[in-house]
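Given these sequences and hints, build the entire structure.
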Amino acid sequence: MSVVEAPPTQLETTERSPGRSLGSFLRDSEIDTRMVGMIAVLVVIWIGFHIISGGTFLTPRNLWNLSVQTSTVGIMATGMVLVIVSRNIDLSVGSMVGVVGMVMALLQAEILPDIVGRGTAWMWIVVLAIGLVLGGLIGAFQGVMIGYVGVPSFIVTLGGLLVWRGFAWLTASGRTIAPMDSTFQLLGGGSRGSLGEAGSWIVGGVACLGIIAFLMSGRRRRRKFGFRLRPMWLDATLGVLGCGFVLTAVWVTNSYYLPENLARAVAEERGIPWPEGGLLIPLGIPYPVLILIAVTLVMAFVANRLRFGRYIFSIGGNPDAANLAGINTRRTIVKTFMVMGILAAISAAVSIARLNAAVSGLGTLSELYVIAAAVIGGTSLSGGIGTVSGAVLGALVMQSLQSGMVLVGVDAPLQDVVVGIVLVTAVAIDTIYRRRTAHR
Amino acid sequence: MTGSTNNPATDQVPLVEMRNMSVSFGGVHAVNDVSIYLQPSEILGVVGGNGAGKSTLIKTLSGAQKADSGQIYVNGEPVTINTPRDAKALGIETIYQTLALADNIDAPGNMFLGRELLTRTKTLDDSAMEDATRRIMGRLNPKFQNFKSPVSSLSGGQRQSVAIARAVHFNARILIMDEPTAALGPAETEQVRELIRQLKREGIGIILISHDIHDVFDLSDRISVMLQGKLVGTVSRGEATMDEILAMIIIGKLPGEVTRSELAELHG
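Residue numbers (our numbering), protein chains in the order written: chain B, 186 to 625; chain P, 46 to 313.
Any given hint could be a false lead.
[Stated by the list, open to error] Covered by chain B, per the in silico footprint, the following chain P stretches (three or more residues, Cβ under 8 Å):
| hint | stretch |
| --- | --- |
| 1 | 66-72 |
| 2 | 124-136 |
| 3 | 164-178 |
Worth flagging that the hints you see were computed from the coordinates, not collected in a lab. Glycine is no exception: its CB is placed at the ideal position from the N, C-alpha and C atoms.
Structure, rendered in structure tokens:
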């Protein structure tokens with residue numbers, strides 16, 4: 186995250202007096218205060234809904250569903266951050282979901298079964314691969330129009346919003362395409378699309394090791410060059426907090442059990458006699474959430490550790506400077522939109538798998554939720570500023586609000602009012618915060 | 046057309062030579078058949094009023110603008126410069142008036158923009174870049190300590206330091222500076238001037254562009270004056286007074302051609 190938001194490390198000795206403020210401590214520790222603030226907001230929302238709903242919000246079942254519902258928007262938000270950071274916008278993601286979802290559905294429900302037979306084990310991966318390629322091609326095509334032809338991204342993707350939605354209808358003449366391949370369905374979560382108890386604990390354990398390795402490699406790199414190290418106790422605290430969060434999340438997903446009728450079916454399948462007290466089969470981490478986590482890690486890596494990501498940020502900060510530095514800005518823009526297209530395809534796969542069907546209206550309006558998630562997550566529409574993790578957190582905040590309001594029984598029109606107000610308020614607070622911290 | 050002093054000295058191959066450069070924008074001759082050259086350890090001032098064409102001329106050398114005609118030679122070899130990358134590969138570094146910094150990125154990120162240091166796994170080596178930036182800043186501007194904030198939070202002088210550090214770090218042989226002190230206070234200006242002298246001693250050829258003759262008069266070994274896209278002439282230090290160069294800038298006459306009354310008129 187060093188690109189945009191790492192607070193400065195001030196080494197001046199005057200700052201190092203014993204009675205220094207919390208602010209300068211946070212700056213030294215390179216903790217992202219905006220991210221901490223967002224997590225605090227999320228905690229407030231969760232606890233608030235938990236109290237108002239009479240204790241039904243913070244339950245394994247609700248949190249499990251919340252995480253699955255966040256994944257489709259979250260996956261796309263990780264790419265929208267980069268698009269917006271590069272001073273562009275992509276209004277076509279919802280329609281891309283529609284057309285790519287429809288093509289993938291047609292492939293597995295109508296085209297491929299005639300060729301290779303229904304239920305072929307590897308069909309899902311072929312369908313997914315074709316979908317990703319199609320998404321990438323659509324994104325790259327829009328990127329070429331923007332980067333090389335020079336049509337503003339707002340116009341290109343506004344056109345794309347209409348064109349791809351039209352194609353989503355045309356490819357199947359508006360029919361609903363179902364059912365999906367049984368393996369493909371697992372991508373959507375659902376009762377079978379989860380890792381299960383043991384698998385979830387293994388993933389959690391690996392994640393913990395990853396957090397520790399990340400913190401240690403950071404210390405090693407800084408020591409190698411003789412830079413000042415973060416205090417050991419702080420790194421240790423971050424490690425404990427990170428691992429604690431991961432293991433708690435795994436525990437929550439493992440505390441949500443298969444509903445009784447499905448558990449009975451599983452028991453029958455495996456030939457287990459139905460026990461007296463019922464059978465508790467933990468679901469564990471749902472696959473769509475696993476996909477979201479993987480996408481987030483990959484995209485954060487791309488944004489912060491690869492030249493490609495650095496170039497996107499430099500274009501957003503100063504396009505002329507990027508050009509004069511010898512960066513191929515046009516190609517970078519094409520690649521950015523291509524990544525966005527691929528992410529829309531992943532999101533489409535999760536959506537049709539979850540629905541077990543594709544409709545021509547799939548993904549309608551999701552471009553607005555994706556953009557809102559990125560913006561709530563601290564992405565600046567003027568470009569140059571934003572983080573992948575912030576966007577995912579933004580998606581989670583929005584989904585929490587919507588799920589919470591449904592749970593509490595708020596009317597649908599009022600839900601939109603609240604989400605709209607939250608969007609504007611979040612950006613207002615962020616703008617004021619930025620203005621204050623800019624002139625330190 | 047070009048003054049007699051504009052021909053390269055016969056005993057030395059120039060570091061860079063631009064011959065008969067022309068650039069036009071839709072019928073307007075921004076640069077019209079201009080020839081200049083630069084020797085190692087030499088400071089060439091390029092002066093002229095707004096719209097004289099000095100920035101456009103120099104952009105053809107830094108790769109930011111394609112020339113319509115003309116030929117550039119580096120160390121006597123003809124070269125083609127189409128992009129900033131081409132220029133950098135030839136050891137030509139440019140510090141633009143706007144500094145060309147990405148405001149949202151920190152100093153090391155800007156210093157290595159487009160030329161990032163990578164680890165063995167092809168990821169950005171931020172620590173190595175910070176280390177290199179600390180080293181070069183230790184030499185150029187020891188007071189500079191802010192290696193982690195976006196450069197938008199730095200002062201004008203600090204931003205200038207980053208731009209200069211970027212230019213000299215990559216072993217520039219030819220350094221182009223467009224209005225290098227225009228945005229600086231007196232102390233920072235003196236700092237930059239001292240740095241220019243230091244780089245000259247290290248054998249780097251420097252082209253200073255300015256609209257103000259006072260900025261470059263005592264630094265430059267030679268001064269080329271442009272007016273309305275054309276080269277009025279090039280004079281060596283000591284060949285012309287500041288007033289005479291002012292006359293070249295404003296009325297386009299060489300020191301020998303200008304009359305006493307015209308000189309007097311310049312002072313109103």
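For each hint, the structure was consulted:
no. : hint    : verdict
1   : 66-72   : violated (count 0)
2   : 124-136 : holds (count 4)
3   : 164-178 : holds (count 8)
Of the numbered hints stated above, the single one contradicted by the structure is hint 1.
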